[in-house]
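Visitor: Next come the chains, spelled out residue by residue.
There are 2 protein chains.
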Amino acid sequence: MLERFKVPEKDRVYVPVEKARAATEAVFRHAGLDESGARQCADVLITNDLRGVESHGISNQLRNYLRLYGEGKLNPRPNVRVERETDTTTLVNSDGALGIHVAPNAMRMAIAKAKKHGTGTVAVTGAGHLGGAGYHASLAAKENMIGQAMAGPGGSQTLPTFGAEPRFGTHPIAWAAPARSQPPFLFDIATTQVAGNKIQLARRVGADLEPAWIADKDGQPILDRVPVPDEYYQLPFGGTRENSSHKGYGMMAMIDIMCNAMTGVGAGFLTGGGGQVFVATDIQAFIDLDDYFDWMDRFLEGLRNTKPAAGHERVLYPGLSEWEETQARTRDGIPYHREVVEWFESYAAEVGVEIDLR
Amino acid sequence: MLERFKVPEKDRVYVPVEKARAATEAVFRHAGLDESGARQCADVLITNDLRGVESHGISNQLRNYLRLYGEGKLNPRPNVRVERETDTTTLVNSDGALGIHVAPNAMRMAIAKAKKHGTGTVAVTGAGHLGGAGYHASLAAKENMIGQAMAGPGGSQTLPTFGAEPRFGTHPIAWAAPARSQPPFLFDIATTQVAGNKIQLARRVGADLEPAWIADKDGQPILDRVPVPDEYYQLPFGGTRENSSHKGYGMMAMIDIMCNAMTGVGAGFLTGGGGQVFVATDIQAFIDLDDYFDWMDRFLEGLRNTKPAAGHERVLYPGLSEWEETQARTRDGIPYHREVVEWFESYAAEVGVEIDLR
Chain E
1 MLERFKVPEK
11 DRVYVPVEKA
21 RAATEAVFRH
31 AGLDESGARQ
41 CADVLITNDL
51 RGVESHGISN
61 QLRNYLRLYG
71 EGKLNPRPNV
81 RVERETDTTT
91 LVNSDGALGI
101 HVAPNAMRMA
111 IAKAKKHGTG
121 TVAVTGAGHL
131 GGAGYHASLA
141 AKENMIGQAM
151 AGPGGSQTLP
161 TFGAEPRFGT
171 HPIAWAAPAR
181 SQPPFLFDIA
191 TTQVAGNKIQ
201 LARRVGADLE
211 PAWIADKDGQ
221 PILDRVPVPD
231 EYYQLPFGGT
241 RENSSHKGYG
251 MMAMIDIMCN
261 AMTGVGAGFL
271 TGGGGQVFVA
281 TDIQAFIDLD
291 DYFDWMDRFL
301 EGLRNTKPAA
311 GHERVLYPGL
321 SEWEETQART
331 RDGIPYHREV
341 VEWFESYAAE
351 VGVEIDLR
Chain L
1 MLERFKVPEK
11 DRVYVPVEKA
21 RAATEAVFRH
31 AGLDESGARQ
41 CADVLITNDL
51 RGVESHGISN
61 QLRNYLRLYG
71 EGKLNPRPNV
81 RVERETDTTT
91 LVNSDGALGI
101 HVAPNAMRMA
111 IAKAKKHGTG
121 TVAVTGAGHL
131 GGAGYHASLA
141 AKENMIGQAM
151 AGPGGSQTLP
161 TFGAEPRFGT
171 HPIAWAAPAR
181 SQPPFLFDIA
191 TTQVAGNKIQ
201 LARRVGADLE
211 PAWIADKDGQ
221 PILDRVPVPD
231 EYYQLPFGGT
241 RENSSHKGYG
251 MMAMIDIMCN
261 AMTGVGAGFL
271 TGGGGQVFVA
281 TDIQAFIDLD
291 DYFDWMDRFL
301 EGLRNTKPAA
311 GHERVLYPGL
321 SEWEETQART
331 RDGIPYHREV
341 VEWFESYAAE
351 VGVEIDLR
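Sequence order for the protein chains is E and L.
Take 1 as the starting number for the first sequence in our numbering and just add one per residue.
Take 1 as the starting number for the second sequence in our numbering and just add one per residue.
A portion of the hints provided could be inaccurate.
It does not matter which identical chain is used: a pair holds within one copy or between any two.
[As the list claims (entries may be wrong)] Cross-link-like lysine to any residue pairs, in silico, SDA-like; alpha carbons within 20 Å at most:
| no. | residue 1 | residue 2 |
| --- | --- | --- |
| 1 | 307 | 232 |
| 2 | 19 | 36 |
| 3 | 73 | 291 |
| 4 | 116 | 84 |
| 5 | 217 | 313 |
| 6 | 10 | 204 |
| 7 | 142 | 324 |
| 8 | 217 | 304 |
| 9 | 307 | 108 |
| 10 | 115 | 85 |
| 11 | 116 | 86 |
| 12 | 307 | 165 |
| 13 | 307 | 166 |
| 14 | 116 | 85 |
| 15 | 6 | 164 |
| 16 | 6 | 17 |
| 17 | 115 | 87 |
Calculated directly from the structure, the hints in this document are not laboratory data.
Quick caveat: nothing in here was measured; it's all calculated off a predicted structure.
Isolated chain E, as found in the complex:
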């Protein structure tokens, strides 16, 4: 994550990971989820927080989720149904569950199919927020598979290249691949220039946005460095056509097709979308694991050891700095903004759930 998005030192409250986890499980249980559902939801948020992906952890997401449960817009006890199934594919209706509640199980279904047949693809409809695609993709990597996860949320945020009307959300996608002795590869992105939640985060920490990160309401990319304006649209990654925004746009469109057209949900910008797709590909279907790991470790080492350009300390690969952050935060606690901790404590007190974050 860019430095400016980090919580400023003076505003940090370091919360031990197990305290954060227990508190999060407690409020999910209070929202009506069963024990294992609450544990699953908390694990997604805490894993994201450990990785430093604040935008998809407790800070930005938990209060939204709790509000939606409170308003009856999420189903804490879903009756998840299989609507169509083949050897390698399943279409699952999530019955209004939160994405982070049902998506991990969808990926586990894909993994089970891949163990038997080589690959598995599970599509989920009717679920709430995915909580980032990376967590789910990683589940496959832990089983020595290539994991892929994506979601096609609504269509009111992001412009297609050359367009002045929004057609997409942030349309996240992630791929994960295991390694033996190197930290695992996890490529986890929004197909916008910047994750929607990072814009909220920039507003909270008072950071400027970069040129071509957003467009004005008439569809013109804003090419200056500006604070977050009141009204704006997001742009596909690349930002402008000259900088390959058509690649971000095309990727969003593809994600929308797989998540929403292929699942019967309909186009995100017409129906609100929300379909999610999880793919597991068994590495051993192609090659012995030992051979794969030999190459994978050499590949990742080679990327890390690339000579850096002047002005840069080192070359990273996707997942590396998040893995390092996980080690540090497991040791030192998660540095939440004090506003977040205060909200969490006051929410818990208000609804009568006992938590201990300090």
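Let chain E serve as the given structure and place chain L on it in line with the hints.
Guide: Frame of chain E; chain L shown alone:
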């Protein structure tokens, strides 16, 4: 394609598509391919030329291919072998064939598996140039499937974000999806800012490169508009970190893992890479085709009908302008640069193959 990459009007020779096809088949046969192999190879190049993807048609590729056959570096009569197979996956050794020769059959194998089991994934090793990923992905779309194709060529061209040493080629990827009454969706990209062949094309037509399209030999992105320099590295799409080059880089890395680590070829930058992966996902495994097509047509129509931003005529979707170009070129002929036609004619005369391009 950006206007500046088109062949200038004064240099165009319009060649009727069937003449171009017959001549191309003839030189492939002369290079040693059998009838059906020559037909397949010509179909890839001509389809790319019809779509206006000059960078992957006769102009840039045919003379390279013929030279490599001439030098014995491509095998015109490969003994393609299945090395590992499951219900849904196949690892194929292409025995040194040209990519455009064997890749379409690899995708057809994936399609056959998807018809039976829902999805199919076929990985190919030891093949030459893929000739663009789009053609192969489209084969699945023609069978009412989602098609995906990718390749992990060498590692001497493109820098990882913050790096000063190359680690990747152009690492192309494509997804194709069928539609009923709208032109089909085909998202077909290099994961660099610009396809390597487009840089050659820019040099040929004297066009400048855009800011952040390439880097100097020390890894610094060149932020001015410049003619193609003698020495340069390519950058992942996005160009700079602020413009999401880490997304292009991550995508390249993922493609390299699937094409090269997962297939035993090894990392592209260590071994020369060259693995290729083809995935077919049967839409009917998830939803009835009629329902899919209803949504898909509305989705694509909605994209086309997006209000354009000021200064832009319309909003395209991936595959639309290439489809329109195909209609025009089928009618009017393919506008090759006269230098290309002259080369083709002199090559054919030299090797004693009769062709007729005028």
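Visitor: Up to 20 Å between alpha-carbons, please classify residue 217 paired with residue 304: within, between, both or neither.
Guide: between (41 Å within a copy, 19 Å between copies)
Visitor: Between the shortest in-copy and the shortest cross-copy C-alpha distance, which are at most 20 Å for residue 6 and residue 164: within, between, both, or neither?
Guide: neither (32 Å within a copy, 27 Å between copies)
Visitor: One pair to classify: residue 6 and residue 17, alpha carbons no more than 20 Å apart. Within, between, both, or neither?
Guide: within (18 Å within a copy, 57 Å between copies)
Visitor: Quick one: residue 217 to residue 313, C-alpha cut-off 20 Å, is that within a copy, between copies, both, or neither?
Guide: between (38 Å within a copy, 18 Å between copies)
Visitor: Can you tell me if residue 307 and residue 232 fall within 20 Å by alpha carbon in one copy, between copies, both or neither?
Guide: between (39 Å within a copy, 16 Å between copies)
Visitor: Since the copies are identical, ignore which copy is meant and state whether residue 307 and residue 165 lie within 20 Å (CA to CA) inside a copy, between copies, both or neither.
Guide: between (43 Å within a copy, 6 Å between copies)
Visitor: From the Cα coordinates, with 20 Å as the cut-off, is the pair residue 142 and residue 324 best called within, between, both, or neither?
Guide: This pair counts as within: shortest intra-copy Cα distance 18 Å, inter-copy 45 Å.
Visitor: Tell me, please, which holds for residue 307 and residue 166 at an alpha-carbon limit of 20 Å: within, between, both or neither?
Guide: between (40 Å within a copy, 9 Å between copies)
Visitor: Pop the pair residue 73 and residue 291 into one bin, within, between, both or neither, using alpha-carbon distances up to 20 Å.
Guide: neither (48 Å within a copy, 27 Å between copies)
Visitor: Classify it for me, residue 116 with residue 84: is the Cα-Cα distance of at most 20 Å met within a copy, between copies, both or neither?
Guide: Classified as both: same-chain Cα gap 18 Å, cross-chain 15 Å, threshold 20 Å.
Visitor: First find the shortest C-alpha distance between residue 115 and residue 87 inside one copy, then the shortest across copies, and answer within, between, both or neither for a cut-off of 20 Å.
Guide: So residue 115 and residue 87 pass the 20 Å test inside a copy (11 Å) and across (11 Å) alike.
Visitor: At most 20 Å between C-alpha atoms: does residue 307 with residue 108 qualify within a copy, between copies, both, or neither?
Guide: Answer is neither: 39 Å inside a copy and 41 Å across each miss the 20 Å cutoff.
When each numbered hint is compared with the structure, violations occur for hints 3, 9 and 15.
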